[in-house]
Amino acid sequence: AQSVTQPDIHITVSEGASLELRCNYSYGATPYLFWYVQSPGQGLQLLLKYFSGDTLVQGIKGFEAEFKRSQSSFNLRKPSVHWSDAAEYFCAVAHNAGKSTFGDGTTLTVKP
Amino acid sequence: DTEVTQTPKHLVMGMTNKKSLKCEQHMGHRAMYWYKQKAKKPPELMFVYSYEKLSINESVPSRFSPECPNSSLLNLHLHALQPEDSALYLCASSPLAQQRIRFFGSGTQLSVL
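In order, the protein sequences belong to chains A and B.
1 is the number of the first residue of the first sequence in the numbering used here; add one for each residue after it.
1 is the number of the first residue of the second sequence in the numbering used here; add one for each residue after it.
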């Protein structure tokens with residue numbers, strides 16, 4: 001069965017510091033991987049996606065993620081966090097056109 | 001227009017009420033979705049519409065009734081809800097060429113009293 005694990009429930013970083021959010025997946029075939037961000041009371045916004053090709057993908061708002069098949073991971077990174085990045089982050093794997101499996105999310109707090 | 005618009009943003013209803021949630025997109029997407037999201041949890045898929053036809057129903061109770069009147073509009077009719085149905089209801093859409101991607105609306109925060 002497909003699954004997504006985000007090991008960190010809550011992460012706190014200082015503004016300007018680097019960020020890495022972890023995501024591990026379990027999927028039998030080539031995964032289609034996503035990171036979404038959700039601000040309080042809002043919907044989810046797509047940050048970036050990996051379908052194939054270059055394993056380092058760039059997204060919006062200065063985020064990037066690296067797909068590592070050998071580690072079944074798709075970690076999200078940002079070199080310098082801004083206060084506006086405080087939000088809930090969800091990793092997801094899409095296993096067919098209709099369904100996606102989301103991780104439980106990681107809450108990011110940014111200290112001034 | 002690159003948005004998925006949901007109305008209302010907030011809704012409070014009693015257990016005997018009938019209400020509807022509305023979702024609209026003008027991006028030409030032919031797949032549309034309803035999700036339910038509890039606080040601090042990931043969204044849970046409820047329904048999928050493809051070409052205005054219901055293609056997936058994730059065993060959702062019949063007190064939730066979806067409707068897709070046309071390719072731009074998706075409704076969720078609510079009747080006799082329970083307090084545990086209180087949640088953020090999210091609508092999403094996908095382009096045909098990339099149906100694994102979701103474009104989400106901002107949601108309707110529903111409270112059932």
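Hints in this document: simulated from the structure, not taken from any laboratory.
Hints may be right or wrong, so weigh each one.
[What the hints assert, rightly or not] Quick list of simulated restraints, FRET-style, between CB atoms:
| hint | chain 1 | residue 1 | chain 2 | residue 2 | range |
| --- | --- | --- | --- | --- | --- |
| 1 | A | P40 | B | T5 | 12 to 22 Å |
| 2 | A | T5 | B | P8 | 30 to 40 Å |
| 3 | B | K18 | A | P40 | 39 to 49 Å |
| 4 | A | G16 | B | L54 | 44 to 54 Å |
| 5 | A | Q58 | B | T16 | 45 to 55 Å |
| 6 | A | F51 | B | K22 | 26 to 36 Å |
| 7 | A | L46 | B | K38 | 42 to 52 Å |
| 8 | B | P61 | A | W83 | 21 to 31 Å |
| 9 | B | H10 | A | K111 | 45 to 55 Å |
| 10 | A | G41 | B | H79 | 24 to 34 Å |
[As the list claims (entries may be wrong)] A short, non-exhaustive set of chain B residues, derived as facing chain A with CB atoms under 8 Å:
| hint | residue |
| --- | --- |
| 11 | A97 |
| 12 | I101 |
| 13 | G107 |
By construction, the Cβ of each residue, glycine as well, lies at the ideal position given by its N, Cα and C atoms.
Now the hints, each set against the structure:
no.	hint	in the structure
1	A:P40 / B:T5: 12 to 22 Å	holds (19 Å)
2	A:T5 / B:P8: 30 to 40 Å	holds (35 Å)
3	B:K18 / A:P40: 39 to 49 Å	violated (29 Å)
4	A:G16 / B:L54: 44 to 54 Å	holds (48 Å)
5	A:Q58 / B:T16: 45 to 55 Å	holds (51 Å)
6	A:F51 / B:K22: 26 to 36 Å	holds (32 Å)
7	A:L46 / B:K38: 42 to 52 Å	violated (21 Å)
8	B:P61 / A:W83: 21 to 31 Å	violated (41 Å)
9	B:H10 / A:K111: 45 to 55 Å	violated (31 Å)
10	A:G41 / B:H79: 24 to 34 Å	holds (25 Å)
11	A97	violated (11 Å)
12	I101	holds (6 Å)
13	G107	holds (5 Å)
When the structure is compared with the earlier hints, violations turn up for hints 3, 7, 8, 9, 11 and for no others.
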